[in-house]
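Visitor: Top line first, the protein sequences correspond to chains U and C. Just add 853 to the spot in the first sequence (first one is 1) and you have the numbering used here. Just add 577 to the spot in the second sequence (first one is 1) and you have the numbering used here.
Since the hints were made in silico from the structure, they are not lab data. Every residue, glycine too, gets a C-beta built ideally from N, C-alpha and C. Treat the hints with caution; some may be incorrect.
Said to hold, decoys possible - Here are the simulated lysine-lysine pairs, DSS-like style, with alpha carbons at most 27 Å apart:
id : chain 1 : residue 1 : chain 2 : residue 2
1  : C       : 591       : C       : 618
2  : U       : 952       : C       : 591
3  : U       : 914       : C       : 643
Said to hold, decoys possible - Okay, the calculated beta carbon distance ranges per label pair:
id : chain 1 : residue 1 : chain 2 : residue 2 : range
4  : C       : 631       : U       : 906       : 42 to 50 Å
5  : U       : 898       : C       : 587       : 13 to 21 Å
6  : C       : 603       : U       : 880       : 44 to 52 Å
7  : U       : 861       : C       : 659       : 19 to 27 Å
8  : C       : 603       : U       : 904       : 31 to 39 Å
9  : C       : 630       : U       : 933       : 27 to 35 Å
10 : C       : 645       : U       : 881       : 46 to 54 Å
11 : C       : 637       : U       : 867       : 25 to 33 Å
12 : C       : 616       : U       : 881       : 26 to 34 Å
13 : C       : 630       : U       : 867       : 29 to 37 Å
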Amino acid sequence: AQSVTQPDIHITVSEGASLELRCNYSYGATPYLFWYVQSPGQGLQLLLKYFSGDTLVQGIKGFEAEFKRSQSSFNLRKPSVHWSDAAEYFCAVSFISYKLSFGAGTTVTVRA
Amino acid sequence: GAVVSQHPSWVICKSGTSVKIECRSLDFQATTMFWYRQFPKQSLMLMATSNEGSKATYEQGVEKDKFLINHASLTLSTLTVTSAHPEDSSFYICSASPGTSGSVGQETQYFGPGTRLLVL
Chain U
854 AQSVTQPDIH ITVSEGASLE LRCNYSYGAT PYLFWYVQSP GQGLQLLLKY
904 FSGDTLVQGI KGFEAEFKRS QSSFNLRKPS VHWSDAAEYF CAVSFISYKL
954 SFGAGTTVTV RA
Chain C
578 GAVVSQHPSW VICKSGTSVK IECRSLDFQA TTMFWYRQFP KQSLMLMATS
628 NEGSKATYEQ GVEKDKFLIN HASLTLSTLT VTSAHPEDSS FYICSASPGT
678 SGSVGQETQY FGPGTRLLVL
């Protein structure tokens with residue numbers, strides 16, 4: 854069955870430390886890949902997306918993600934987190950249609 | 578650019594009443610709009626997809642008569658929760674796509690801030 858998996862439910866990271874959020878997908882072919890961030894009580898903001906080409910994608914707010922076909926992964930990274938990065942992060946995929954399928958999300962807590 | 582608004586941001590209603598939620602694309606025309614439902618600490622679940630001037634396409638398990646969707650213009654879609662009950666309490670989020678990428682799978686969805694519904 855097609856699915857999007859975010860293995861980490863909750864990650865706590867110190868301010869200034871690096872962050873990596875994992876995302877794996879299970880599809881018959883490479884889907885289109887997205888990372889969204891949701892601040893408490895708010896809608897989702899697109900951080901970055903991958904359709905094709907360079908497998909390292911740069912996004913907003915200093916985030917980047919790397920697509921690895923061999924691992925069916927699209928992990929999100931940030932070299933140095935800020936307290937404002939505390940939020941819920943969702944990996945999402947679309948395939949032959951515009952329907953987005955979301956992972957369960959990863960909650961990021963930033964400690965001072 | 579690409580701002581989507583929702584109104585109201587939160588609503589409390591009595592069981593049995595109907596509630597209408599508006600979703601507007603403020604600075605672009607949205608050929609397609611989507612409605613999602615999000616339970617606490619869970620991911621977004623797509624409820625339905627609507628195209629301007631057409632009937633909405635509902636996901637499996639979503640009651641069409643319960644959740645009425647109207648996409649009357651390229652900037653406005655509404656979701657009406659009819660005869661709301663406590664189990665309908667949730668966070669409802671809409672999104673909109675401009676339909677300019679040429680490939681539906683590559684369309685970026687721009688999300689509204691969400692509407693929190695509490696049915697007493």
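Visitor: Of the numbered hints stated previously, which ones are contradicted by the structure, given in increasing order?
Guide: 2, 3, 4, 6, 7, 8, 9, 10, 11 and 13
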